[in-house]
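There are 2 protein chains.
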Amino acid sequence: MYGWNCGKPVAAVSLGPELAASAAAASYDLQAYRFQAAPEQLRPPRVVRVGLVQNSIHAPTTAPFVEQRQAIHDRVRQIVDAAGAAGVQVLCLQEAWHMPFAFCTREKQWTEFAESAEAGPSTRLCRELARKHGMVIVNPILERDEAHGDTIWNTAVVVGNNGNVIGKHRKNHIPRVGDFNESTYYMEGNTGHPVFETAFGKIGVNICYGRHHPMNWQGFGLNGAEVVFNPSATVGELSEPMWPVEARNAAIANSYYVGAINRVGTETFPNAFTSGDGKPAHKDFGHFYGSSYFAAPDASRTPSLARNKDGLLVADLDLNLCQQIRDKWGFRMTARYDMYAEQLGRYVRHDFQPQVIKDPSL
Amino acid sequence: MYGWNCGKPVAAVSLGPELAASAAAASYDLQAYRFQAAPEQLRPPRVVRVGLVQNSIHAPTTAPFVEQRQAIHDRVRQIVDAAGAAGVQVLCLQEAWHMPFAFCTREKQWTEFAESAEAGPSTRLCRELARKHGMVIVNPILERDEAHGDTIWNTAVVVGNNGNVIGKHRKNHIPRVGDFNESTYYMEGNTGHPVFETAFGKIGVNICYGRHHPMNWQGFGLNGAEVVFNPSATVGELSEPMWPVEARNAAIANSYYVGAINRVGTETFPNAFTSGDGKPAHKDFGHFYGSSYFAAPDASRTPSLARNKDGLLVADLDLNLCQQIRDKWGFRMTARYDMYAEQLGRYVRHDFQPQVIKDPSL
Numbered sequence: 001m002y003g004w005n006c007g008k009p010v011a012a013v014s015l016g017p018e019l020a021a022s023a024a025a026a027s028y029d030l031q032a033y034r035f036q037a038a039p040e041q042l043r044p045p046r047v048v049r050v051g052l053v054q055n056s057i058h059a060p061t062t063a064p065f066v067e068q069r070q071a072i073h074d075r076v077r078q079i080v081d082a083a084g085a086a087g088v089q090v091l092c093l094q095e096a097w098h099m100p101f102a103f104c105t106r107e108k109q110w111t112e113f114a115e116s117a118e119a120g121p122s123t124r125l126c127r128e129l130a131r132k133h134g135m136v137i138v139n140p141i142l143e144r145d146e147a148h149g150d151t152i153w154n155t156a157v158v159v160g161n162n163g164n165v166i167g168k169h170r171k172n173h174i175p176r177v178g179d180f181n182e183s184t185y186y187m188e189g190n191t192g193h194p195v196f197e198t199a200f201g202k203i204g205v206n207i208c209y210g211r212h213h214p215m216n217w218q219g220f221g222l223n224g225a226e227v228v229f230n231p232s233a234t235v236g237e238l239s240e241p242m243w244p245v246e247a248r249n250a251a252i253a254n255s256y257y258v259g260a261i262n263r264v265g266t267e268t269f270p271n272a273f274t275s276g277d278g279k280p281a282h283k284d285f286g287h288f289y290g291s292s293y294f295a296a297p298d299a300s301r302t303p304s305l306a307r308n309k310d311g312l313l314v315a316d317l318d319l320n321l322c323q324q325i326r327d328k329w330g331f332r333m334t335a336r337y338d339m340y341a342e343q344l345g346r347y348v349r350h351d352f353q354p355q356v357i358k359d360p361s362l
Numbered sequence: 001m002y003g004w005n006c007g008k009p010v011a012a013v014s015l016g017p018e019l020a021a022s023a024a025a026a027s028y029d030l031q032a033y034r035f036q037a038a039p040e041q042l043r044p045p046r047v048v049r050v051g052l053v054q055n056s057i058h059a060p061t062t063a064p065f066v067e068q069r070q071a072i073h074d075r076v077r078q079i080v081d082a083a084g085a086a087g088v089q090v091l092c093l094q095e096a097w098h099m100p101f102a103f104c105t106r107e108k109q110w111t112e113f114a115e116s117a118e119a120g121p122s123t124r125l126c127r128e129l130a131r132k133h134g135m136v137i138v139n140p141i142l143e144r145d146e147a148h149g150d151t152i153w154n155t156a157v158v159v160g161n162n163g164n165v166i167g168k169h170r171k172n173h174i175p176r177v178g179d180f181n182e183s184t185y186y187m188e189g190n191t192g193h194p195v196f197e198t199a200f201g202k203i204g205v206n207i208c209y210g211r212h213h214p215m216n217w218q219g220f221g222l223n224g225a226e227v228v229f230n231p232s233a234t235v236g237e238l239s240e241p242m243w244p245v246e247a248r249n250a251a252i253a254n255s256y257y258v259g260a261i262n263r264v265g266t267e268t269f270p271n272a273f274t275s276g277d278g279k280p281a282h283k284d285f286g287h288f289y290g291s292s293y294f295a296a297p298d299a300s301r302t303p304s305l306a307r308n309k310d311g312l313l314v315a316d317l318d319l320n321l322c323q324q325i326r327d328k329w330g331f332r333m334t335a336r337y338d339m340y341a342e343q344l345g346r347y348v349r350h351d352f353q354p355q356v357i358k359d360p361s362l
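If you're matching them up, the sequences are chains A and B in order. Residues in the first sequence are numbered consecutively from 1, following UniProt numbering. Residues in the second sequence are numbered consecutively from 1, following UniProt numbering.
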């Protein structure tokens with residue numbers, strides 16, 4: 001069910017008893033795996049150790065905002081330090097990891113958590129940790145863009161292994177579904193599909209709801225991504241049956257690795273809100289089910305992190321697998337992009353006519 | 001794991017003891033399910049009974065071709081008659097159902113099986129059965145296009161419920177992987193992404209390898225398909241871990257139903273051939289693992305038909321679910337097609353430059 005990597009199930013890797021003990025003591029899930037590629041004659045293996053962090057909030061949503069943020073910073077620092085000790089080279093945090101996922105409330109005070117992508121407190125923490133561990137950190141935050149009229153964006157800031165900000169990507173597709181009133185808070189991203197060339201490989205970031213959009217995944221692939229992260233925040237009742245399908249499909253269709261991350265825990269807010277589903281007003285957002293996992297271009301995947309616990313998932317990815325699978329299956333070569341460029345060009349015109357062949361006998 | 005449809009697992013439906021007994025006697029798998037949609041105020045439910053047929057070959061590949069074809073025709077007639085008795089309104093057969101999947105051999109004599117899409121023997125059989133049962137039949141064959149210099153195509157002919165040919169679709173994406181030497185035999189289709197408006201709904205056909213191409217699925221969606229069939233022929237070693245992922249992802253991403261059909265059985269050929277994998281020459285193509293299933297836009301799906309037996313899978317699909325899910329999730333509205341039209345337009349140019357942001361500190 002989890003596929004085969006070089007003819008075998010994806011293998012578990014030990015990170016040693018010390019890290020396992022400290023994860024158990026601090027009550028977060030820690031798992032590690034290895035994806036292999038076939039040996040090549042002209043290229044050495046390109047193995048990168050990659051980590052995914054899923055976290056809950058660590059102070060009640062009624063606490064002062066500065067305490068709420070600090071509590072999450074402290075927890076994430078602890079897990080990122082463990083990742084550093086485990087030799088992780090590229091790490092991705094979850095969507096808006098530094099705050100409660102308050103968009104269910106439609107209250108605007110929560111935008112106080114939005115911060116500068118380049119100089120805000122969460123980016124500063126990530127820069128410090130990136131420098132300390134020589135690690136690339138993908139830092140998905142709520143961004144306040146002061147230079148453009150206080151526009152709010154949902155942004156992933158990519159911090160290089162020298163602690164510098166390499167660049168950022170803004171979430172392309174914004175949901176209007178259930179309690180995900182995100183279009184109330186921020187706009188469709190304007191940064192395209194950038195691929196960040198880091199010391200450890202080319203990475204892209206498909207933020208949350210973008211995982212439902214196959215062309216969003218494809219955009220990062222066309223720009224050369226070898227690993228695409230999907231930092232998310234989604235709840236069980238809405239999306240859990242889709243969760244094992246979409247990131248894995250993206251890894252297959254685009255011949256790259258995917259690291260899918262989901263927030264964890266149940267977040268309760270001070271004021272009751274309705275959910276547009278006829279049910280009484282309530283104060284919680286449902287359960288963020290965690291279950292972060294890696295998927296590979298050969299259709300193999302790791303097991304998931306826990307449904308109800310913070311966690312760190314580590315995987316060694318031999319990036320050579322991407323080109324090997326591309327050459328084996330030929331999806332890029334056979335994709336007929338010209339046909340689709342033409343189709344989409346027609347589709348977006350107001351006078352688009354669908355290609356429908358009606359049964360003439362009806 | 002198979003998701004939830006209107007809050008419950010997809011329900012099994014009984015087709016009655018007589019059909020079950022005749023399926024058991026004739027040794028084919030028979031299963032039936034029902035997908036529901038929420039009641040609406042302004043539209044009645046639009047329930048269509050849809051069937052998928054998976055079949056093995058029924059004469060050895062050493063038999064005279066006319067006998068091979070007749071043996072399959074006889075078997076498929078038996079199963080289609082059962083589908084008719086079960087009240088199936090739209091039925092899809094598997095890819096190149098009328099012949100062994102001989103493309104592993106790279107021998108050209110097998111193209112004798114190619115036939116006229118409009119007037120060949122397999123289309124004639126489907127027209128007869130469509131008229132008899134008042135049923136739409138999707139008839140995927142190897143097509144010989146005499147009018148265009150004997151071009152061979154991999155084609156799905158859509159036969160209306162009055163026995164007329166509504167039109168055809170030619171496979172858009174042709175594999176060059178493993179023993180699937182299909183590019184040796186036929187070319188990329190030239191029929192776009194037609195949607196066939198039948199008496200029972202709007203259908204599209206994504207033939208086999210096209211399931212790996214998200215934009216191919218999308219093309220049928222943009223043209224208005226409510227059910228897209230994926231008649232396939234694929235073997236276990238190559239693709240089995242992908243099989244439950246891709247069609248299901250397509251149903252989710254495009255807010256339509258998918259009927260995924262795979263050939264069944266192991267086909268052995270007269271002359272040994274190699275597979276480009278360093279192994280000795282051999283005479284069989286591996287195991288076609290059947291496992292046909294339906295997937296719905298709400299991420300639910302049916303169990304699969306058997307891995308090693310012919311089969312008929314029936315499902316009642318309330319087509320209202322497509323629009324309901326489209327309105328709930330909003331994937332079409334949030335898809336930003338203009339951005340992708342522009343991206344693909346750039347990508348297909350020779351001077352395309354990927355959007356790469358290189359870490360300036362490296």
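Treat each hint with caution, since some may be false.
To be verified - Facing chain B, a subset of chain A residues (Cβ under 10 Å, in silico):
1) Arg43
2) Val47
3) Val158
4) Lys202
5) Gly224
6) Ala306
7) Asn308
8) Arg336
Hints were generated in silico from the structure; no laboratory data involved. Glycine included, each C-beta is placed from N, C-alpha and C at the ideal position.
Taking each numbered hint in turn, which are not upheld by the structure, reported in ascending numerical order? 1, 2, 6 and 7
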